[in-house]
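Following the hints, position chain H against chain R.
If you're matching them up, the sequences are chains R and H in order. Here the numbering used here runs 138 ahead of the position in the first sequence, where the first position is 1. Here the numbering used here runs 27 ahead of the position in the second sequence, where the first position is 1.
Heads up, a few of these hints could be off.
Here are some, though not all, of the chain H residues that point toward chain R, as calculated from beta-carbon distances under 7 angstroms [unchecked claim]: (1) 36; (2) 85; (3) 106; (4) 107; (5) 109.
Calculated from the structure, these hints are not laboratory results. Since the model is a prediction, treat every value here as computed from it, not as a measurement. For glycine and all other residues, C-beta sits at the position ideal for the given N, C-alpha and C.
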Amino acid sequence: MTNNTFSEISIQTADFSMANEVALLEQNNAVDGAIVTFTGRVRNHNNGKNVSGLTLEHYPGMTEKSLTKIIAIAKTRWDIGRVKVIHRFGELNIGEQIVFVGVTSKHRHDAYAANEFIMDYLKVQAPFWKKERTEQGEAWLDAKTADNTKAKKW
Amino acid sequence: MIKVVFFAALREQLECSELSLSSKNITTVADLKNQLASKNQQWQTLFNNTSLLSAVNHEMVDNEQHLKSGDEVAFFPPVTGG
Chain R
139 MTNNTFSEIS
149 IQTADFSMAN
159 EVALLEQNNA
169 VDGAIVTFTG
179 RVRNHNNGKN
189 VSGLTLEHYP
199 GMTEKSLTKI
209 IAIAKTRWDI
219 GRVKVIHRFG
229 ELNIGEQIVF
239 VGVTSKHRHD
249 AYAANEFIMD
259 YLKVQAPFWK
269 KERTEQGEAW
279 LDAKTADNTK
289 AKKW
Chain H
28 MIKVVFFAAL
38 REQLECSELS
48 LSSKNITTVA
58 DLKNQLASKN
68 QQWQTLFNNT
78 SLLSAVNHEM
88 VDNEQHLKSG
98 DEVAFFPPVT
108 GG
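In isolation and in its complexed conformation, chain R is listed as follows:
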């Protein structure tokens, strides 16, 4: 039930409001009884170090293409309605929101599964890179093998 004006992907530096995003997923959408949302935030610790913030880099053009593909696959695998993916880039401080994934569906199972699938694939395929700021200085994060394992389970 996605209408043509509903923008599914936003790559932005600005923060977002989860309440606004949920309202847009619900607006004129009486067919879907379920909404599942995920929000990822900047943690204050990682690998035993105190983190003061992150810098996120991405590959404009490929990022949107990669997310479009992930959403299209999710739509073939589950009976879902609307999808919204927001990912921020640039400088982010502790506690700030990084990523939002919202999925609607008629029944909860499809929205739960599709939401997790989109996040798991975003983590291993969308061209984003995190650089962490700690007391020891700045360092690019290494990819986790656990993330690859999770994506492969689908």
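Then chain H, alone, in the frame of chain R:
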């Protein structure tokens, strides 16, 4: 010409975000990597790293992917978004 772009840790280590190369003598991504690796010892180490990912015109590809003039090729480390 082939446009080549680099991201994240790789971009910083190369001290280069993009360059253009003649597509002559370059048939595949592997050929392009070999040509970039021939620049100096550091570039050789970085382009021989098997965890390096490649994309052509915004799609992930492997080393066998064919290239043509006008393509945009990207090299970057494994992604860490989300």
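Checked hints:
Because the smallest distance between the Cβ of residue 36 of chain H and any Cβ of chain R comes to about 4 angstroms, under 7 angstroms, the interface hint for this residue holds. Because the closest C-beta pair between residue 85 of chain H and chain R is about 4 angstroms apart, less than 7 angstroms, the hint holds. A least Cβ separation of about 6 angstroms between residue 106 of chain H and chain R falls short of the 7 angstroms threshold, and the interface hint therefore holds. Interface restraint check: residue 107 of chain H against chain R, minimum CB-CB distance 5 angstroms, threshold 7 angstroms, status holds.
Annotation: interface hint on residue 109 of chain H holds; nearest CB of chain R at approximately 4 angstroms, less than 7 angstroms.
Violated hints for the displayed structure: none, as all numbered hints are satisfied.
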